[in-house]
Amino acid sequence: MLVEKEKLAENGEYNLTGDRYRIVEARKHHKWPMVRLGNNELFQIESGGTPDTTKTEYWEGDIYWATLIDLPEKDNISMILSTQRKITELGLKNSSAKIIPPNSIIISTRATIGRIGINKVPLATNQGFKNIIILDSKGILSKQRTDLTPIKKELSIITNPDLKNGDLKTALKDSDIFIGVSKGGVLKEEHIKLMNRNSVVFALSNPLPEIMPNIAKSAGSLIVATGRSDFENQINNSLAFPG
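The sequence shown begins at 212 in the working numbering and counts up one residue at a time.
Bear in mind the hints are in silico, worked out from the structure with no lab data behind them.
Keep in mind it's a predicted model, so treat the numbers as computed, not measured.
Ideal Cβ positions, reconstructed from N, Cα and C, are used throughout, including at glycine.
Possibly wrong hints are sitting among the right ones.
Unchecked claim - Cβ-Cβ distance ranges computed for the label pairs, FRET-style:
no.	residue 1	residue 2	range
1	G395	G350	15 to 21 Å
2	E365	I390	15 to 21 Å
3	V392	D273	38 to 44 Å
4	S440	I316	42 to 48 Å
5	Q295	N376	28 to 34 Å
6	I388	S440	21 to 27 Å
7	I390	I368	16 to 22 Å
8	I446	K304	37 to 43 Å
9	P418	T267	27 to 33 Å
10	R356	K428	31 to 37 Å
11	N287	N376	34 to 40 Å
12	S293	P418	46 to 52 Å
Please work from the sequences and hints to get the whole structure.
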C-alpha cells in the first residue's frame with residue numbers, strides 16, 4: 212500500500228531511493244512483538260574463544276570445545292553430542308570461551324558461514340562462532356577505549372562484545388580472514404603465521420598493499436587479493452572506502 216511522500220516524510224518513513232515509500236506499521240499493530248536480536252529477554256548471543264595453544268595445561272580436559280569440524284552437516288542441523296577437542300577449566304578461565312547450555316543454537320559466523328548445530332551437552336566454542344574484529348590505526352575497537360568516535364564506539368559494541376583489546380597481532384591470532392583498507396606494509400609475514408591454516412587475505416591498500424601477495428602465500432595464505440590490477444585477484448577497493 213503506497214501513500215503520499217509528504218505524509219511519510221513527516222514521520223521519517225522514507226527510503227534512500229527517493230522513489231517508493233511504504234507504510235511502516237507501528238509495533239503495537241503486529242501480531243508478534245518486535246524485539247532486538249539478543250535482547251536477553253528471549254535469548255542472548257554468546258561468542259567463543261580459543262585458549263593459548265602453547266599451554267598444554269589448557270587442553271585435553273573435560274570441557275567440550277566445538278569448532279567448525281564438529282558441525283559437519285552442510286544442509287542440515289548437526290546434533291552435537293561430543294567434540295573432537297576438549298579444554299580444561301584453566302583454559303576456559305584464561306580465554307574468552309564460555310560454557311553454552313544444552314539445546315543452544317550454534318551458528319558459524321566464519322568460514323564456512325551459516326552452518327547450524329544444536330548442542331545436547333554443555334560446551335564451549337572457538338571464535339569460529341564469533342563476531343568480526345575491527346581495528347583502526349590504534350588497535351582493536353573496544354568500548355573501553357576513550358578515543359573512539361561515536362561510529363567506532365557503536366561498531367565496537369556490535370563486533371567486540373568480549374571487550375578484546377590489543378593490536379593487529381592480537382586480532383589475527385587464530386583468525387581466518389584479513390580485510391585491509393589501511394596502508395601499505397602493515398601486515399607482516401609473522402602475522403600471517405599467527406592465522407589459521409589456508410587463511411584468506413584481502414590486502415586492498417593502494418598503491419602498496421598491506422602485504423605483497425608472494426609473501427602472504429609463502430607464509431601460509433591460500434587466497435590473496437589486492438586492489439592492484441597488476442596482481443592476480445584484483446578487488447575494486449573503491450567499494451571499501453567512503454566518499
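- For this structure, which hints from the list above don't hold up? Hint 9 alone not satisfied by this model.
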